[in-house]
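Take the given structure of chain S and dock chain P to it, following the hints.
Chains as they are written, first to last, in the working numbering: chain S, 70 to 179; chain P, 1100 to 1748.
Warning: the hint list may mix true and false statements.
Calculated pairs, DMTMM-like style, for lysine to aspartate or glutamate (alpha carbon to alpha carbon, straight line, at most 20 Å) [as the list claims (entries may be wrong)]:
#, chain 1, residue 1, chain 2, residue 2
1, P, Lys1688, S, Glu102
2, S, Lys164, P, Asp1648
3, S, Lys135, P, Glu1661
4, S, Lys135, P, Glu1596
5, P, Lys1663, S, Glu102
6, S, Lys164, P, Glu1642
7, S, Lys154, P, Asp1648
8, S, Lys136, P, Asp1648
9, P, Lys1688, S, Glu120
10, S, Lys164, P, Glu1596
11, P, Lys1663, P, Glu1642
12, S, Lys138, P, Asp1657
13, S, Lys164, P, Glu1592
14, S, Lys79, P, Asp1597
Listing some non-contacts, in silico: residues in chain P with all C-beta distances to chain S over 10 Å [as the list claims (entries may be wrong)]:
#, residue
15, Ala1107
16, Lys1187
17, Thr1228
18, Gln1248
19, Ala1307
20, Ala1346
21, Leu1441
22, Thr1445
23, Arg1496
24, Leu1501
25, Gly1561
26, Asp1586
27, Phe1605
28, Thr1609
29, Arg1621
With the C-beta cut set under 8 Å, the calculated list includes, among others, these residues of chain S facing chain P [to be verified]:
#, residue
30, Lys99
31, Ser124
32, Arg128
33, Leu131
34, Lys135
35, Ile165
36, Ile168
Worth flagging that the hints you see were computed from the coordinates, not collected in a lab. Quick reminder that beta carbons are idealized off the backbone N, C-alpha and C, glycines included.
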Amino acid sequence: MEIRKQKTEKGVLVSVSGRLDAVTSPDFDKEMEGCIAGGETVLVVDLQGLEYISSAGLRSILAVTKKLKARNGKIVLASLQSMVKEVFEISGFSKILPIFSSKEEALSQL
Amino acid sequence: MKSRRGIAFRIAAPVLASVTVIFLFIFGYNYFDARRIVVREVEESARNLAAATVNRMDVVLGKVEKVPRNLAVFLEASPPEDERALLKILRAVVEGNGDIYGAAVAFEPGLFGPGPSGYAPYFYKSRDTIRYADLADESYRYVSQDWYQIPRELECPVWTEPYFDEGAGNIVMSTFSVPFYLTVKGKRTFAGIVTADISLRWLQEIVASIRIEDTGYGFLISKNGTFVTHPLPRLVMNETIFTIAEARNDRTLRRIGRDMIHGKSGFVPFQSLLTGKSCWMVFAPLASSGWSLGVLFPRDELMADVAALNRSVLVLGIIGALLLFAVIVFLSRSITRPLRMLAGATAEISGGNLDNPLPPVASRDEVGDLARSFESMRLSLKRYIADLTETTAAKERIESELKIAHDIQMGILHKVFPPYPDRPEIDIYAVLDPAKEVGGDLFDFFFLDDDHLCFHVGDVSGKGVPASLFMAITKTLIKTKATRGLDAHKVLERVNEDLSVDNTSFLFVTLFLGILDVRTGRLQYSNGGHNRPYVLRASGALETLAGTDGIALGAVEDLSYESKTVVLERGDVLFLYTDGVTEAMNPAKELYTEARLETELAARKGHPLKEIVLALLERIRDFAGGEPQADDITMLTIQYNGAPESPRS
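Isolated chain S (complex conformation) (with noise of 0.2 Å):
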């Protein structure tokens, strides 16, 4: 997993790739909290590159949802592969989280 963040004007634009799964999981939530720690409120995960997601990663971004919401925060999904996808449909994810198609729609619906 690969991990590259950016900082844009509505908030910081976070790329992963690879695989977020239970080995990776632990990094991705380290990342976060650091971005949190350092008064982000607003993340936009790009998940153009990753490839596979597990429950773990799951658990992951629903940890990030709660804790920015906790701060009045927001994150938006962007770019979701076919097989992440399947994952947050089936899981139910995709109804409590906002997805966008891409990052550029998702950072201009912020």
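Okay, now just chain P, sitting in the frame of chain S:
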């Protein structure tokens, strides 16, 4: 194989080798220099000895020479009146000179005396008396003798070659002949020869008295090279130095002989005729007679002192080297003693015994540093091993606890199939295979009343202990919340309510819950974010149950769920699973996928449930190959057999 050599040896060997080389060099220099000095001194003393001896002999010979010289002068100055006067003088000469054996005055024939054949009166000593003889004898013919002819021709005094005189008692004699002249008719004319005979015994005694060390000796040769004296009697008067040189084909000896008879002196290497030993020889001429004295100095005997000195030096050197060796060995052993102690102690450490402290090394050198390093290494190792032991114990404890947790988790799941042998309406078979000791998958089934079977399959996010605890909570909650008459979605809503309140771990569970009316086959179900189950129809068709748009439980509070209904026909099989099945991975990181699952399921229409589940499990494992199982695998199958024909009793 190279033999093991200690440090002591490695220090001692080169030092000793160097010392030995230096010592041998000094020894060699000393030896050759001592020899050189000895040779120089030998030559000097040899020359002195030869000169002194020659001088001694020349003094005697000179004294003897004076007698005929004086007599010749006297005869020339006042020729004798008659024979009587001459004889008187001659007799007085022999009587008055102890060194002289005999003396003669031999006149040129016809010049003086009774007869024409010559006159040669001769007095000689025989025992204690003086005897007279006239040498003018037909048989003797004195004028042709060497002692007469040579001085006459040379016109100067001459010592004759030594000769052996039998008449005089077998002694070696030599004669000094002096010519004298008279004036006849105003002309100086050769008148005759005055002679004096001397015994050479005294000369032999002088030479014989020369003793150099044990075998050194002197010898005397005449002008012809004849041995006058020599320790080998057979040489005396029989051999010359040249005949010996000839016999031995010794050119050096011949050259030496030539130098000797030519009146030269020298100091040369020489081989003893007596012993064959290597010698030095000094030779010097007798000024009077032209004879030559040779003295031999045996080389080895003169060098004996040097050799003895060398032996002493050698012995001292060897003793010194041994002492040095002992000192080096002692020193290096004292240096390496702590090393050897360390080696022993570290061997113990390498054997695993870390409790024995290393022997204390007081030295403040490198060995001391090494010992201290070893000691701190031992302590570190000991600490490390203690830590490791503790960690291992903790790990073992955790593992044992996990094992127990596994047993507990498996214990709360159904294990006995078929679970309801008295309910012919349904067959059930399920399997849960956790990826770790404990997992987050769950399944359960139970009758809410006589006709309604409640069942569910769930998957808690993540794995391991947290997931297993969450799984246990979920399972218990469902068992409590699912009550008779409650719709499926209501059960989910209530469970979600409890799970999501204060869910600080953010864990959630996807859950499919169904309630089957076994009399009618009507199935009411609600799906909270779980994989959609399949229905394998008795006809062979494979259907996916429509979703109910539910969200995983525990994620968000106050959620509403929906229920849907489907009717199962006789022989239909409901197949529920978790994503451990479809997301099983092979070494190429490919997923098993729904597509494969569907193919396998469709191919197993009409098979017994257990067979279907176990075959699928095997297929999934085959697919994974050696890749470790990433997620818990759960499969729950329920076959609806329809209501019994006759009412139950």
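Right, here's what the structure says about each hint:
1. P:Lys1688 <-> S:Glu102: Measuring from Cα to Cα gives roughly 29 Å; hence the hint is violated.
2. S:Lys164 <-> P:Asp1648: 8 Å, holds
3. S:Lys135 <-> P:Glu1661: 24 Å, violated
4. S:Lys135 <-> P:Glu1596: 16 Å, holds
5. P:Lys1663 <-> S:Glu102: Violated. Lys1663 (chain P) to Glu102 (chain S) sits at ~40 Å, over the 20 Å cutoff.
6. S:Lys164 <-> P:Glu1642: Given pair Lys164 (chain S), Glu1642 (chain P) is violated - Cα atoms ~25 Å apart, limit 20 Å.
7. S:Lys154 <-> P:Asp1648: 14 Å, holds
8. S:Lys136 <-> P:Asp1648: 25 Å, violated
9. P:Lys1688 <-> S:Glu120: Answer holds: Lys1688 (chain P) to Glu120 (chain S) is near 11 Å, not above 20 Å.
10. S:Lys164 <-> P:Glu1596: 18 Å, holds
11. P:Lys1663 <-> P:Glu1642: Judged against 20 Å, a Cα distance of about 15 Å means the pair holds.
12. S:Lys138 <-> P:Asp1657: 16 Å, holds
13. S:Lys164 <-> P:Glu1592: Holds, because 16 Å separates the two Cα atoms, which is no more than 20 Å.
14. S:Lys79 <-> P:Asp1597: Outside the cut-off at roughly 36 Å; violated.
15. Ala1107: 59 Å, holds
16. Lys1187: 157 Å, holds
17. Thr1228: 150 Å, holds
18. Gln1248: At roughly 140 Å from the nearest Cβ of chain S, Gln1248 (chain P) sits farther out than 10 Å, so the non-interface label holds.
19. Ala1307: At about 121 Å from chain S, Ala1307 (chain P) clears the 10 Å cut-off, so the statement holds.
20. Ala1346: 115 Å, holds
21. Leu1441: Consistent with the label, Leu1441 (chain P) stays out of reach of chain S, its closest Cβ about 47 Å off (over 10 Å).
22. Thr1445: 42 Å, holds
23. Arg1496: 23 Å, holds
24. Leu1501: 16 Å, holds
25. Gly1561: It is violated; Gly1561 (chain P) is separated from chain S by about 4 Å at its closest Cβ, not greater than 10 Å.
26. Asp1586: Nearest chain S Cβ is 18 Å from Asp1586 (chain P), so the label holds.
27. Phe1605: 4 Å, violated
28. Thr1609: At about 5 Å from chain S, Thr1609 (chain P) fails to clear the 10 Å cut-off, so the statement is violated.
29. Arg1621: Its Cβ never comes within 10 Å of chain S, the nearest being 25 Å, so this holds.
30. Lys99: 15 Å, violated
31. Ser124: Check passed: Cβ of Ser124 (chain S) comes within 4 Å of chain P, closer than 8 Å.
32. Arg128: Nearest chain P Cβ about 4 Å off; hint holds.
33. Leu131: Check passed: Cβ of Leu131 (chain S) comes within 5 Å of chain P, closer than 8 Å.
34. Lys135: 6 Å, holds
35. Ile165: With Cβ-Cβ at 5 Å, under 8 Å, it holds.
36. Ile168: Violated, because the Cβ-Cβ distance from Ile168 (chain S) to chain P comes to roughly 14 Å (cut-off 8 Å).
Going down the numbered hints, you'll see the structure goes against 1, 3, 5, 6, 8, 14, 25, 27, 28, 30 and 36, while the others check out.
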